[in-house]
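Visitor: Given only the sequences and the hints, what does the whole structure look like? Please build it.
Residues per chain are reported as follows:
Protein chains: 2
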Amino acid sequence: MAYADLYERVRQKTPVPITERDLERVLVGLLQAESLWDLVGLCDVPLAALPPLLEELQRDGLLERRGDRLTLTPSGKELIEEQGWVPPVEARCPRCRGRGIALDEAPYDELLRQFTEIARERPAPRRDFDQGYVTPETTVARVALMRRRGDLDGKRLLVLGDDDLMGLAAALVGTARAITVLEVDPELVAFIRGTAERLGLELDVREHDLRDPLPAELLGAFDAFTTDPVESYDGCRLFLGRGLSGLAGVGGAGYFGLTRHEASLAKWHKLQSWILEQGAAITDCLDRFNEYVNWPYWGEMRASRWLSLEAAPQAIWYRSTLFRLELVAPKAYPNEPFTGSFEDPELATT
Amino acid sequence: MAYADLYERVRQKTPVPITERDLERVLVGLLQAESLWDLVGLCDVPLAALPPLLEELQRDGLLERRGDRLTLTPSGKELIEEQGWVPPVEARCPRCRGRGIALDEAPYDELLRQFTEIARERPAPRRDFDQGYVTPETTVARVALMRRRGDLDGKRLLVLGDDDLMGLAAALVGTARAITVLEVDPELVAFIRGTAERLGLELDVREHDLRDPLPAELLGAFDAFTTDPVESYDGCRLFLGRGLSGLAGVGGAGYFGLTRHEASLAKWHKLQSWILEQGAAITDCLDRFNEYVNWPYWGEMRASRWLSLEAAPQAIWYRSTLFRLELVAPKAYPNEPFTGSFEDPELATT
Chain Y
-1 MAYADLYERV
9 RQKTPVPITE
19 RDLERVLVGL
29 LQAESLWDLV
39 GLCDVPLAAL
49 PPLLEELQRD
59 GLLERRGDRL
69 TLTPSGKELI
79 EEQGWVPPVE
89 ARCPRCRGRG
99 IALDEAPYDE
109 LLRQFTEIAR
119 ERPAPRRDFD
129 QGYVTPETTV
139 ARVALMRRRG
149 DLDGKRLLVL
159 GDDDLMGLAA
169 ALVGTARAIT
179 VLEVDPELVA
189 FIRGTAERLG
199 LELDVREHDL
209 RDPLPAELLG
219 AFDAFTTDPV
229 ESYDGCRLFL
239 GRGLSGLAGV
249 GGAGYFGLTR
259 HEASLAKWHK
269 LQSWILEQGA
279 AITDCLDRFN
289 EYVNWPYWGE
299 MRASRWLSLE
309 AAPQAIWYRS
319 TLFRLELVAP
329 KAYPNEPFTG
339 SFEDPELATT
Chain Z
-1 MAYADLYERV
9 RQKTPVPITE
19 RDLERVLVGL
29 LQAESLWDLV
39 GLCDVPLAAL
49 PPLLEELQRD
59 GLLERRGDRL
69 TLTPSGKELI
79 EEQGWVPPVE
89 ARCPRCRGRG
99 IALDEAPYDE
109 LLRQFTEIAR
119 ERPAPRRDFD
129 QGYVTPETTV
139 ARVALMRRRG
149 DLDGKRLLVL
159 GDDDLMGLAA
169 ALVGTARAIT
179 VLEVDPELVA
189 FIRGTAERLG
199 LELDVREHDL
209 RDPLPAELLG
219 AFDAFTTDPV
229 ESYDGCRLFL
239 GRGLSGLAGV
249 GGAGYFGLTR
259 HEASLAKWHK
269 LQSWILEQGA
279 AITDCLDRFN
289 EYVNWPYWGE
299 MRASRWLSLE
309 AAPQAIWYRS
319 TLFRLELVAP
329 KAYPNEPFTG
339 SFEDPELATT
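Chains as they are written, first to last, in my numbering: chain Y, -1 to 348; chain Z, -1 to 348.
Because the hints were derived from the structure by calculation, they are not lab data. All clues given are correct.
Which copy is meant is left open, so a pair is good if it fits within one copy or across any two.
Here are the simulated DSS-like pairs of lysine-lysine, each with C-alpha atoms no more than 27 Å apart in a straight line:
no., residue 1, residue 2
1, Lys329, Lys268
2, Lys11, Lys329
3, Lys75, Lys11
4, Lys11, Lys268
Being a predicted model, the structure only gives us computed values, none of them experimental.
Guide: This is how it looks when you write it as structure tokens:
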């Protein structure tokens, strides 16, 4: 079986730095997936690498595709067996969905109920702002994690971009010293501000484009930040850099998500190296902590065109890893206008 | 309240790079802890920094100590309140103890039962080999995590030092392509080898001191490694370096534990930077995944002398964070005899 050749052919058809391990992940994913949506949700490989990979598998007679249905051929199964590849064995705790945090008992059962109620009225996600929000369970679990790490109660929190409504969820707890939300979308700003006012929550909500420098009074004014960056390398550095600029110093913490769908492990590596260079240590890295509600514009996103996706996803497929960093040796963080790029060949949902 | 001065005084009394955040962690820990053992289990601060810290708190009249009992004075509580510090709010999932992995259902309920039975006869941990093993739940949860990441079934696993009996637990699953255990302690080698033979498990067990280079036939021969390093900076690099030497290339994975008890966040930062320089990305970082069974030589360890600990711990207090790395851009890893040091001012349990 011409396996090495297959990998080389795929590699030449995509600018995404995939590895042979990615080929393995896709092939064993195909043993478990019945559809394209299943596969992208399962296999932890950049979406942008899937079209050439699936094409070459079809060309070699290893895979058949009918609409969104995918079926390995006997030769496909034979290749997997020859390589000794076996699908991952899931063992996710059913009670906490693998997050390690109990949301079905006090105090988070009640917070989840309240937050879900509030979030019901939220504006629909907008493609022009790269929106796509997480489930209420994810938002509340993030709040719970911040409280476990001592980053919310009595602390000053900066939320950079807030389609996940982290500001409202954190404010509902009522124990933070201050919470500031920066959000570019005026409709979302109005919703968050209006909801906070209606419920009498202390929340400073500002319309702000993160490509612009942070307002001077926010520099060094926070104990923690949370953000869900645009996943180009420059985009991640922009969002995290603004967060770092907001931290008061040693011991300051940052929370952010990073996917395997739009970021290769090579990008993870580059970004983690940058984070460490900024004087922060990584204290948490929680696979699939963040689960995203399917957004209405799925049919317009790049990956749908690339993969000729025909039907809407039926279940959650887009997930990300939650990171926490803590400042050990702070540096001077530049607070300049953004001159980088939100573009990157690995981006797939824009 | 002379809080900045307190921090400076502690800093001058210890070579451990503690931060003001560490002072906060100890003080809010004291709001929840009733004894020294509670405190060290709660507060995520290097043990070596605690003696000077507690002394200065006592000197300032913020803390009273009677035997192993610790009580904050009214001034101590006042300082904490003035700073707005609040203890972390725990929300660990009771079903999986926060690991995110279900051990109480198939297939891991049965593996846990079998492994616990086998581990009952294990030799007691030896101080001269820096031994101290994790709970059976931890060992089995690690195996489950490896299977979730596709690093065990059909793969070749290298276990570097095995007082946790990872080799036996992984072999019991019966799906690995090969498992090799390197262990320095002849008594433990005999136990692991004897048990494997008795149960008819495929396991290559070798007596080997990791300070010596890896045998040539093990270089580049594995898909994954697991180890629980000595926590001096050099010790960590030694254990991880041997693991990296054993990996076959891109996509190879490594599992290891790192504590907050014997490694400051500054050491975490330095070690993580080194890992990234080796061409590996960090894919998982799971707080308190590893729980250690209390070892019999607790009274002889440094920290017991430093803290004049009087009674044995009644509950698990020593925990570590489980990391997974994955090779993105492998380098040539030296396979030389160890010339570094297992000594380090942060080490506390030797």
